[in-house]
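Take these sequences, add in the hints, and give me the full structure.
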Amino acid sequence: DIQMTQSPSSLSASVGDRVTITCRASQGISNSLAWFQHKPGKAPKSLIYAASSLQSGVPSKFSGSGSGTDFTLTISSLQPEDFATYYCQQYNSYPLTFGGGTKVEIK
Amino acid sequence: EVQLLESGGGLEQPGGSLRLSCAASGFTFSKYGMTWVRQAPGKGLEWVSAISGGGGSAYYADSVKGRFTISRDNSKNTLYLQMNSLRVEDTAVYYCAKLVVYARGAFDYWGQGTLVTVSS
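Chains as they are written, first to last, in our numbering: chain A, 8 to 114; chain B, 231 to 350.
Source of the hints: derived by calculation from the structure; they are not laboratory data.
Within a straight-line C-alpha distance of at most 25 angstroms, the following computed PhoX-like cross-link-like pairs (lysine-lysine) qualify: (1) A:K68 - A:K46; (2) B:K273 - A:K110; (3) B:K273 - A:K46; (4) A:K110 - A:K52; (5) A:K52 - B:K261; (6) B:K273 - A:K52; (7) A:K114 - A:K46; (8) A:K114 - A:K68; (9) A:K68 - A:K49; (10) B:K273 - A:K114; (11) A:K46 - A:K110; (12) B:K273 - A:K49; (13) A:K52 - A:K114; (14) A:K110 - A:K68; (15) A:K68 - A:K52; (16) B:K261 - B:K306.
As the structure is a computational prediction, the values presented were derived from the model and not from experiment.
So this is what it looks like as structure tokens:
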């Protein structure tokens, strides 16, 4: 199985900050990587697929990059609605696997 | 507008069974793979199972293989998850999600989730 390792597991940031989350796959997954945002009590929201493509309706402050084993999610200017937990997920092969999550909290 | 609505969650004893349903609308259901993902209390997201658009291929996490069965009824636009031999560790919110392709790929839309509690 492919293991997905996210870092950091949590971070504190201020409104307006630029935030970067990293995700590493235990083996190469090409660009078969997605990012999700999850808020308590809500449905997860799909942000990015194919490592760098924005899902429809997702604002351009979110961006993704990477290929192979190393990936990043960047939020260019953090807004109050962006405080949430973010997950990466590989869909290169079954079983699908998620990273452990990164909780973005208000500083 | 794509909508996914889960139902069937509840309280069940260890060793018992539950069947979850996910009613889909707003897209041609049979053209897309579907999946179940869960989140246990205080834990992260865990992929559970997926099924191809026609239902001919199904995939499972090791943690549920042999106990859970995913299926779909394309005439009813509904996805199912039959959960047998339930364990305390199966306690979670279960989400269904739509894949962007027929068999294996990214997810785009998610349901709101249904809570399954396994406890004596």
